[in-house]
Amino acid sequence: MSLPETMPYTGWRWDDLVFLALAGVMLGSALLVVLSRNIIRSGLFMVLSFLGLAGIYALAGSPIVAAAQVLVYIGAISVLILFAVMLTQSKAGPAALVFQRQAWIAAIASVVLLGLIGASILLTEFPAAEALPTVHETREVAFLIFDANVFAFEVVSLLLLAAVVGGIFIARRDESADEEGA
Amino acid sequence: MSQSLDAYLLLAAGLFAIGTFGFLAKRNAIAMLMSIELMLNAVNLAIVAFALFTPSLGAQGSVIALFVMAVAAAEATVGLAIVIAIYRNRRTPLVDEYASMRE
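Residue numbers (the working numbering), protein chains in the order written: chain A, 1 to 182; chain B, 1001 to 1103.
No lab work stands behind these hints: they were computed from the structure.
Check each hint, because a few of them may be wrong.
What the hints assert, rightly or not - Label pairs and their computed distance ranges (CB to CB): (1) A/Asn38 / B/Ile1082: 15 to 25 Å; (2) A/Leu35 / B/Glu1097: 19 to 29 Å; (3) B/Arg1091 / A/Leu113: 28 to 38 Å.
Said to hold, decoys possible - Incomplete in silico selection of chain A near chain B, CB under 8 Å: (4) Met26; (5) Leu27; (6) Ile39; (7) Gly43; (8) Leu159; (9) Ala171.
Where is the CB? At the ideal position from N, CA and C, for every residue including glycine.
Work the whole structure out from these sequences, hints included.
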């Protein structure tokens, strides 16, 4: 038994339904990230938002980017951010005031930004917009990274090493200052 | 709808605008970093969408997106280290109390 080509009653394609559901999950949880009053909850909604985006990458024919999204963002960056939240939250701060006083100006600015970007997207005729989407072979991506762009790959690995060493150096406890304080 | 470039780009624009709002409006430094991650993800989605609808680009779009992810990971590492270092001195993660450079 196989599914019909389009959804019954509405005539939508199944791809569109999946796309709309993933887009709704992603945008809804991104809104909850910025509107939530509890920062731990913000971090967990951020994980959900990244998961929705990974699904959209998979739907867009880039399975390797979807896998990297899950590994890098959900597996590494979210965990790092949640650890930092646990290290820096104190009960002393007034938890009720999560927004700056100019939050409503920020809301207006971001709505205007959305309007500008949206208008420029809708008014532009993209030459390739009618082309059929293609699924990229992982083999082709691997060739491009490890053969054609191997210099950029090495530069990025050096950058990551420098960032990790720098991060440890900045966040390290200053032992001489500790002895003075104790 | 999943076959049109405009839908992907509008989705990326929405995610970017949400990230902008969070970055401008939140008081907590870590919440601001989360908003920056949302904005980086929006740009990555735009890159993947353009690559999807440009057949001559081939798989280059995925490669660019993977490099952007690696640089974003480096940025998150250093950003969180800076926030933790400031927290150790000032005992607060709220950015509007980091006013010592203004005085």
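Each hint, compared with the structure:
1. A/Asn38 / B/Ile1082: 15 to 25 Å: holds (23 Å)
2. A/Leu35 / B/Glu1097: 19 to 29 Å: holds (22 Å)
3. B/Arg1091 / A/Leu113: 28 to 38 Å: Holds: the Cβ-Cβ distance is about 34 Å, inside 28 to 38 Å.
4. Met26: Interface hint status for A/Met26: holds (7 Å vs cutoff 8 Å).
5. Leu27: holds (5 Å)
6. Ile39: holds (6 Å)
7. Gly43: This interface hint holds because 7 Å falls under the 8 Å limit.
8. Leu159: OK, holds: A/Leu159 within 8 Å of chain B, min 6 Å.
9. Ala171: holds (4 Å)
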